[in-house]
Amino acid sequence: MLMDNDKISTRQAIVFLISIAIGAGILSLPRQVDEMAGQDGWISIILGGIITLIGGLIVAALVARQKEDAVKISEKLAGRFITWVIGVFYIIYFLMISAVVNQTSAEVINQFLLEHTPKGFTIFSILLLGFYAVRVGIEPAVRTVMVLFPSAMFVFALIIFTCLSKAKIDEILPVMTTPFKNIFFASQQTLFALEGFEVLLFLAPYLRKPEKAKIIVTLYTAVTTLFYLFITVVTFMVLGKNETKFFVWPVFMMIRGITAPGEVFERLDAFAITIWVVQIFTTLVGYYFSTAIIVKSLFNLKEESYLSAVFLPLFYFAANLPNNFAENKDLAGYVNYLIYPAAFFIPAFLLLLSFLKKAGGKS
Amino acid sequence: MKSFLKISSILLILLVLLTGCWDMVDIDRRIFIGNVGVDKADDKYLFIFTYPIVRKLVGGEGGGGGGGGGKSIYTIKTEARSFSEAVSLIAHRTSRRIYFDHSRNIILGEDAARSGLKELMESFETNTQTNRRSFFIIARGKAEEILGQESDQEVLLAYYIESLFKDSQNKGDLIIKDFSQVMEQIHSLKGNALMPAIVKTGKELDVHGGAVIKNYRLAGFLDPEEARGINILRGEADQTITAFDLGDKKMVVCEINRVDSKPVLVKSDEAPVLRYDIEIAASLKEAPIMKIDSKVLKELEETFASEIIKQVEKGIEKVQKDYRVDVLGVGEYLYKYKPRVWKKYEKDWENIFPDAKIIINPKVKFINLGPVI
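These protein sequence lines are chains R and B, in that order.
All residue numbers for the first sequence refer to this note's numbering, where the first residue is 1439 and numbers rise by one.
All residue numbers for the second sequence refer to this note's numbering, where the first residue is 104 and numbers rise by one.
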């Protein structure tokens, strides 16, 4: 292969992680926080951002110390058995989370864009594209994301700004009237949308400067939190907190309610879906790639390219587990629990081990 | 041989991926519904759909002969229990596939609106085909009558009705709201809302005033003056033309350019007392010729301010005493800015609102005096 410099820069890593995080959550996050925290939902997102930052910094500290992927680290520190447990856990985790993402995208496409196209087909085409992107390693995949991300974000921000014409600023008032308990529980719901940094655990060997991992996660958290905050606040302002609760995909319903100025493009929803599918694609690329890395490290293999082909049917099978919104919501609920070990406990455990090992080595 | 295999396999893949488009419907196989009308029909609804026949429109709009004889708008009706059922029923009778992406107006007949709107609104809201940007209107009389109207002004009826709202020169006299805005209000006021209204007057359609929805039922209509009063109170009366008397059969016509309305809670006894500080920027449109200096102008402004009070109070009176429903946003204001006070009223707001006292405190500034002084 030509890719001998299979390393990514800090900036590339930041963009890659952000585009993993920004995806399926966009359309439904306002509803999720609204259901529990009402108009104070935006506080939950900030809270969720802080929690994400804590997890991110743990991961960053681990990566900066060990400069290797999580499987290799645990092999060195915790032994073979625990490594296998961790590896298999992460594979299941990535499979499940991409199943939720895949199913959501298929459902949205089915509802609003291609009514009669079978869900399986849309899922399969996105997965096939994902496979194509990661087949030769990380650099081409990240380059693809680097091209897609700015244009997608630009168009999406433009669409949301157009929505501001119908916004009523005082819709997010009164502030802090919901009990703090609800705000806190709602912030747990935001983790599903905000997470994505755990991929960094497996990107570590490909970072040109792994010691800058702290900067990566800090910027990553800031951008994703602000992005989700912006979208949620605008949705609350346009739809009001009572109607936001009502829709499965409130952001999308908001976009359907506006006309672009000048009426050249009367409908913006088709644009929004297109952009959104692009973001779904980049999310899946991240999880897809991480899965391949895990297996590669578990079996001590040199090349991961053919591994991603092995995972294509598995991802497809997982994506077909939930068949409708209700089942998908249940699955997303379970995945939300898996986030704690995947993004917080396991990295913290490994970091602790690495500290102990070092202390032990010294003595 | 190898390259042949490569190329042929790529072609094969293209064959599979590019041809099987499940959802392709060419534009000439589509119908774009312009208006949706709903009337009450026994225990069901009568749905009326109108759509343009594009064939007949071609060349018609430029005034050059038109595209053949006959009507350019097709009307199709069916009785059904809900929107989706109606669409599925007319699908048996239309030659092309039905799309609502460009529908302009959803018009509900008075009978249907009086008998309850909850099911109907939910049926529109849950259907993904509904165009949330179309105007959501209550008809005085039957929707069927409105949609049977032929307009000489515009070729397309849907476009005609839409322009009545969109390009109105006197926006303060009407309630202008599209589907998404009406539904937003319905949800946040728990079944109450202000909606646009439409009526047939001879050869034209008239969209003055508005309709008041109380608990998902039509409570009644507003005349233009009442609508104007409510619009001024809510700070939504930009581009509004209104007049006031000076005595001696003289009168002044002026246009409100901008309204800024801020409620202030004065007292919260059994019923709240609120003061609305309304700042109005207006321009003189028509006035008796006289020397206007700053002293005269001051007087004019004060006279206009007292006229504003009269108009706003008329609007308040109607919804507060006659319809007894809070579509003014008083409860919304209390909830948002005085959540503690709101807790006191929340449960019984429907009965407290009619006793709420609203003080109007307008401040007028003329920013444009016209060509003659």
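By construction, these hints were calculated from the structure, which means they are not laboratory data.
Since the structure is predicted, the reported quantities are computational estimates derived from the model, not experimental observations.
Ideal Cβ positions, reconstructed from N, Cα and C, are used throughout, including at glycine.
Each hint should be verified, as a subset may be incorrect.
Stated by the list, open to error - Partner residues are not named here, just some residues of chain R that face chain B (Cβ under 8 angstroms, in silico):
#1 Glu1513
#2 Lys1514
#3 Glu1545
#4 Gln1549
#5 Phe1550
#6 Thr1555
#7 Leu1611
#8 Thr1615
#9 Thr1616
#10 Leu1677
#11 Glu1681
#12 Phe1684
#13 Val1686
#14 Gly1695
#15 Thr1697
#16 Arg1705
Unchecked claim - Here are some, though not all, of the chain B residues that point toward chain R, as calculated from beta-carbon distances under 8 angstroms:
#17 Trp125
#18 Asp126
#19 Asn230
#20 Thr231
#21 Arg235
#22 Lys280
#23 Met286
#24 Glu287
#25 His290
#26 Tyr440
#27 Pro442
Return the status of the interface hint for Asp126 (chain B): holds when the least beta-carbon distance to chain R is below 8 angstroms, violated otherwise. For Asp126 (chain B), the interface hint holds, since the closest Cβ of chain R sits about 5 angstroms away, which is under 8 angstroms.
Can you verify the interface hint for Thr231 (chain B): is its Cβ closer than 8 angstroms to any Cβ in chain R? Status holds, d = 6 angstroms.
Quick check on the hint: Val1686 (chain R) CB to chain B CB, less than 8 angstroms? At 10 angstroms from the nearest chain B Cβ, Val1686 (chain R) fails the 8 angstroms test, so the hint is violated.
Can we keep the Lys280 (chain B) interface hint, with Cβ of chain R closer than 8 angstroms? It is violated, given that the least Cβ distance between Lys280 (chain B) and chain R is near 11 angstroms, above 8 angstroms.
Let's test the interface hint: is any C-beta of chain B closer than 8 angstroms to that of Thr1615 (chain R)? 5 angstroms, holds
Quick one, is the Asn230 (chain B) hint okay against chain R at 8 angstroms, beta carbons? Since the shortest Cβ distance to chain R is 11 angstroms, the answer is violated.
Quick one, is the Phe1550 (chain R) hint okay against chain B at 8 angstroms, beta carbons? Hint holds; Phe1550 (chain R) Cβ to chain B Cβ min 6 angstroms, cut 8 angstroms.
Is the shortest C-beta separation between His290 (chain B) and chain R less than 8 angstroms? 4 angstroms, holds
Using 8 angstroms as the Cβ threshold, decide whether Trp125 (chain B) counts as touching chain R. Trp125 (chain B) check passes; min Cβ-Cβ to chain R is 4 angstroms, inside 8 angstroms.
Supplied contact hint for Glu287 (chain B), tested at 8 angstroms Cβ to chain R: This interface hint holds because 5 angstroms falls under the 8 angstroms limit.
Could you check if Pro442 (chain B) really has its C-beta closer than 8 angstroms to a C-beta on chain R? For Pro442 (chain B), the interface hint holds, since the closest Cβ of chain R sits about 4 angstroms away, which is under 8 angstroms.
Can we keep the Glu1681 (chain R) interface hint, with Cβ of chain B closer than 8 angstroms? 4 angstroms, holds
Checked against the numbered hints above, the structure breaks hints 1, 2, 3, 9, 13, 19 and 22 and satisfies the rest.
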